[in-house]
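Q: In case you want the letters, here they are:
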Amino acid sequence: MKSAEEINLAMETYADMVRRICFVHLKNRHDTEDVFQNVYLKYMLYEGIFENQEHEKAWFAKVTINACTDWLRYLSRRKWVSLEVIAEEKEVLDDTSGEVLEVVLKLPEKYRDVIYLHYYEGYSAAEIAGILGRKENTIYTWMSRAKDLLREKLGGEWA
Amino acid sequence: MNRIQKSMEKIQATEELKHSTLQYLEEYQKKTRRMGLYVVRRFALAAAALFLLVGVGSYSVYRYPVSFISIDVNPSIELSINRFGRVVSAKAYNEDGRNIIEQVPLKNVSYMQAIVKLLEDESCRGFLNKDSYLVFTVISDQSEMIVRELSGSELFQSYGAVTYTSDSSCMHEAHQHEMSFGKYRTYLELLKYDASITVEDCHGMTMGELRDKIEICTHEGKEDGEKNHHGEHHEKGHREEK
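Respectively, the protein sequence lines represent chains A and B.
Note that my numbering has the first sequence beginning at 1134, numbered continuously upward.
Note that my numbering has the second sequence beginning at 348, numbered continuously upward.
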């Protein structure tokens, strides 16, 4: 079991990333809070050793995505995420950001992960393949399709 | 910074979310510790109960006597034996016997070991000579086996000992008279020939003296033409008396 010091450090380092992955997957803050707590609980109980911080970060990304997927499966909810989350964040989001995120959230789930991990976290296709447990070629395909969809919705200058 | 980055930048984990999560983890740890302690306590309790159950059960079986051997010369000693053939208690029924068991530890050894220890001990050997009469009286469901084992012992044969079997009612009566059941059985045998003999008389007599009295009585009986009227004459070996 991880120490309080390790948990606090992980909280400061990865909380925003975990929150954002939850954001692209989940319906509302309530679900986010549940999954967020679940991810950190898994971390606290994780007995493995991280080779480095990158390894730890990828672990957090993978576990959060899986936790979100499990949560949605558990609730038997729709594959598409409600835009309620954007409404909940309207205080911090300007119109442009709200519009971009709305389009992102309307993407199929697998594309959302790829877009987030690539465009926000800066992971390469190979790294995303590792996190999602897919072939690199599959990630390239998903990334390409996701870009097409975003371009279609947001115009040529979306990125 | 791309548009997605710019948009996502504003989505952050609030302090409230971090705080509630840390609280949740802390609660979880406490609960787990409590649960751990609970499980440990329950386990310890169950283990203790099991230990007590098995332990007390085994101990009860161990200390419960199922066979008895009365060893009488002049010292009169009774051994209580459990179903594992171990001596669980030794009781003396006269002063000579008390002196011996004070010096010879007999408990928790097999009855054969106990008897050998007893007969080889200096305190007992003083009573064993050519005139002494060593009698083993057995009460047991396995009396035949015990008698066979005793009779096969070299030490037993060297002292020319005899064995008898008896029963619990005889033992009960004997103990009411503060006498070993081995000696009491001999008293009852003598009583067949001499109605005037009392238990009190026998208390002060050795087994050899009792045997002599029986022999005299049986001899007199023969002379008086009263043959075959009261039991059998003692010979070295085993007699069964119920």
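It cannot be assumed that every hint is accurate.
[As the list claims (entries may be wrong)] The following label-pair restraints were derived from C-beta to C-beta distances: (1) B/369 to A/1239: 45 to 53 Å; (2) A/1228 to B/381: 44 to 52 Å; (3) B/383 to A/1181: 17 to 25 Å.
[Unchecked claim] Sample of chain A residues with no beta-carbon within 10 Å of chain B, all distances over it, derived: (4) 1141; (5) 1152; (6) 1260; (7) 1268.
Since the hints were made in silico from the structure, they are not lab data.
Fair warning: this is a prediction, and the values are worked out from it, not measured in the lab.
All C-beta atoms, glycine included, are put in the ideal place defined by N, C-alpha and C.
Q: Next step is simple, just say for each hint if it's right about the structure.
A: Do the hints match the structure? See the list:
1. Checked against the given bound of 45 to 53 Å, the beta carbons of residue 369 of chain B and residue 1239 of chain A, roughly 33 Å apart, lie outside it.
2. Under the hint 44 to 52 Å, the C-beta atoms of residue 1228 of chain A and residue 381 of chain B, about 50 Å apart, fit the expected range.
3. The hint said 17 to 25 Å for the Cβ distance between residue 383 of chain B and residue 1181 of chain A, and at roughly 22 Å that hint holds.
4. Look at residue 1141 of chain A: its CB is around 7 Å from the nearest CB on chain B, not clear of 10 Å, so calling it non-interface is violated.
5. Residue-level check failed: residue 1152 of chain A sits 4 Å from the nearest beta carbon of chain B, not beyond 10 Å.
6. Residue 1260 of chain A, annotated as away from the interface, keeps every beta carbon of chain B farther than 10 Å; the closest lies near 17 Å.
7. Residue placement check: residue 1268 of chain A keeps its beta carbon more than 10 Å from all beta carbons of chain B (closest about 24 Å).
In summary, the numbered hints that this structure violates are 1, 4, 5.
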